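Sequence lines, in order, name chains A and B.
If you read the first sequence in our numbering, its first letter stands for residue 1, the second for the next number, and so on.
If you read the second sequence in our numbering, its first letter stands for residue 1, the second for the next number, and so on.
Rather than coming from a laboratory, the hints here were simulated on the basis of the structure.
These numbers were taken from a predicted model, which means no experiment stands behind them.
Ideal Cβ placement from N, Cα and C applies to all residues, glycine included.
Watch out, some of these pointers could steer you wrong.
[What the hints assert, rightly or not] With a straight-line cut-off of 16 Å between C-alpha atoms, the simulated EDC-like cross-links for lysine to aspartate or glutamate are:
no., chain 1, residue 1, chain 2, residue 2
1, B, LYS192, A, ASP189
2, B, LYS192, B, ASP154
3, A, LYS66, A, ASP92
4, A, LYS192, B, ASP189
5, B, LYS51, B, GLU38
6, A, LYS192, A, GLU133
[Unchecked claim] Counterexamples of contact, computed for chain B against chain A with all Cβ distances above 10 Å:
no., residue
7, ALA19
8, ASP20
9, LEU27
10, ASP30
11, ALA37
12, GLY53
13, ARG86
14, LEU119
15, ARG131
16, ALA136
17, GLU139
For reference, the chains in residue letters:
2 protein chains.
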Amino acid sequence: MLIPDYVEGTFQMSTPSRADAVRNRQLALDAATALLAEPDAALTVEAIAKKAGLGAGTVVRAFGGKEALLDAAVAGLLRPVVARARDLAADDRPDRALRTFLGELMTFQAAHHAAGDNLRGLAAPETTALRGELVAAVETMLTGAQRAGRVRADIPLGTLTAVIGEAAYAVARSGAADHIDAFLTVLLDGLKPST
Amino acid sequence: MLIPDYVEGTFQMSTPSRADAVRNRQLALDAATALLAEPDAALTVEAIAKKAGLGAGTVVRAFGGKEALLDAAVAGLLRPVVARARDLAADDRPDRALRTFLGELMTFQAAHHAAGDNLRGLAAPETTALRGELVAAVETMLTGAQRAGRVRADIPLGTLTAVIGEAAYAVARSGAADHIDAFLTVLLDGLKPST
Numbered sequence: 001m002l003i004p005d006y007v008e009g010t011f012q013m014s015t016p017s018r019a020d021a022v023r024n025r026q027l028a029l030d031a032a033t034a035l036l037a038e039p040d041a042a043l044t045v046e047a048i049a050k051k052a053g054l055g056a057g058t059v060v061r062a063f064g065g066k067e068a069l070l071d072a073a074v075a076g077l078l079r080p081v082v083a084r085a086r087d088l089a090a091d092d093r094p095d096r097a098l099r100t101f102l103g104e105l106m107t108f109q110a111a112h113h114a115a116g117d118n119l120r121g122l123a124a125p126e127t128t129a130l131r132g133e134l135v136a137a138v139e140t141m142l143t144g145a146q147r148a149g150r151v152r153a154d155i156p157l158g159t160l161t162a163v164i165g166e167a168a169y170a171v172a173r174s175g176a177a178d179h180i181d182a183f184l185t186v187l188l189d190g191l192k193p194s195t
Numbered sequence: 001m002l003i004p005d006y007v008e009g010t011f012q013m014s015t016p017s018r019a020d021a022v023r024n025r026q027l028a029l030d031a032a033t034a035l036l037a038e039p040d041a042a043l044t045v046e047a048i049a050k051k052a053g054l055g056a057g058t059v060v061r062a063f064g065g066k067e068a069l070l071d072a073a074v075a076g077l078l079r080p081v082v083a084r085a086r087d088l089a090a091d092d093r094p095d096r097a098l099r100t101f102l103g104e105l106m107t108f109q110a111a112h113h114a115a116g117d118n119l120r121g122l123a124a125p126e127t128t129a130l131r132g133e134l135v136a137a138v139e140t141m142l143t144g145a146q147r148a149g150r151v152r153a154d155i156p157l158g159t160l161t162a163v164i165g166e167a168a169y170a171v172a173r174s175g176a177a178d179h180i181d182a183f184l185t186v187l188l189d190g191l192k193p194s195t
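Bound conformation, chain A alone:
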């Protein structure tokens, strides 16, 4: 009994079945995604492995490293946010769409503190691409609102988008729901063209 178990264990460790590999990948991804929603969670390979019920080595093998795993987890969270931004960018009241989108984005950021912090300095190509799509959607909303005479046109679009992004992220991270509301009220009034 002892020897067959050992042999089987060794065999599985060196060449896990395709089904096991897929399952381990999903377990690691789910664990990382769950940790991204925990305030101040340390997203180490060990913490992810513990949450997934896997060994640290298995987690690393499943993704080829922590960077790729975090990139996949954050990208999985961002994909529906990007889809929502694209829908809203097609709204016929772009200033209203902008407020709706920023409110949802900030609520998402407030619930996923760990996402931004843990990706800082890491190579995360999928997340970077999705962030670029988010920025593009916000610029579409801003341009549409400017064309409709509802957002000021005296500040360069890139500066405006960057400043909104920096400020919104900071308020979302440190603030409660009433901070997010107050920020959006002041911001959207401040974005109106001066009369």
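With the hints as your guide, set chain B onto chain A.
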């Protein structure tokens, strides 16, 4: 020659003269203050000691620990900012004073990235007290501007001050001068009472 030198060295290490202690304290403080203005500087005792030309033990002894040293260095930087805020809070155009003060504060924050980051989680009673005075001065400006009908009164003062502080700090840290200007333009317009 060798023995007297050694004896003198030993004597100085165990009981430094009063003048040496004052000098070492100032050297450590100047080094920490200079490092606070360097982007991404690591404010370790070792880095401060190296910059001061002192031993790490001497730096620790001069202040009783890194926390007290950083508190003293950041407080030294904040003191003139607080004095300026108090002067501006007495201005007869509080909305104009608010813009001037926030602009100067953000320029200060942009030049001292390391100050906020390195104090996070440390006990820094002097800095905390000065920050409280800054917040009080900003609230005086906001209240005065509200009374003069120049700032909206439909958001609680504490919420407004917190949101402005969070957003301004984030923009100052990540932005260039044109980001600071754009932020202040949008913010101050957004703070006007709705007509």
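Hints versus structure:
Restraint check: the Cα-Cα separation between B/LYS192 and A/ASP189 comes to about 8 Å, which is no more than 16 Å; the hinted pair holds. A threshold of 16 Å between alpha carbons decides the hint, and for B/LYS192 with B/ASP154 the separation of about 11 Å falls inside it, so the pair holds. Taking the CA atoms of A/LYS66 and A/ASP92, the gap is about 42 Å. The hint is violated against a cut of 16 Å. A threshold of 16 Å between alpha carbons decides the hint, and for A/LYS192 with B/ASP189 the separation of about 8 Å falls inside it, so the pair holds.
The suggested pairing of B/LYS51 with B/GLU38 holds, with an alpha-carbon distance near 12 Å, which does not exceed 16 Å. Between the alpha carbons of A/LYS192 and A/GLU133 the distance comes to roughly 24 Å, so the proposed pair goes past 16 Å and is violated. Once the 10 Å rule is applied to beta carbons, B/ALA19 is consistent with being away from chain A; the minimum gap is 45 Å. Under the 10 Å C-beta cut-off, the non-interface status given to B/ASP20 relative to chain A holds; the minimum distance is some 41 Å.
Look at B/LEU27: its CB is around 33 Å from the nearest CB on chain A, clear of 10 Å, so calling it non-interface holds up. The beta carbon of B/ASP30 is kept farther than 10 Å from every beta carbon of chain A, the shortest such distance being approximately 30 Å. The claim that B/ALA37 is not at the interface with chain A holds, since no C-beta of that chain comes within 10 Å of its own (minimum 21 Å). The claim that B/GLY53 is not at the interface with chain A holds, since no C-beta of that chain comes within 10 Å of its own (minimum 31 Å).
Distance to chain A confirms B/ARG86 as a non-interface residue, since its nearest Cβ pair spans about 25 Å, more than 10 Å. In this structure B/LEU119 is separated from chain A by more than 10 Å, as the shortest Cβ-Cβ distance comes to about 15 Å. Every CB of chain A is more than 10 Å from the CB of B/ARG131 (nearest about 14 Å), matching its label as outside the interface. In this structure B/ALA136 is separated from chain A by more than 10 Å, as the shortest Cβ-Cβ distance comes to about 19 Å.
No Cβ of chain A comes within 10 Å of the Cβ of B/GLU139; the nearest lies about 15 Å off, and the non-interface call holds.
Hint check: violations occur at hints 3 and 6; the rest are consistent with the structure.
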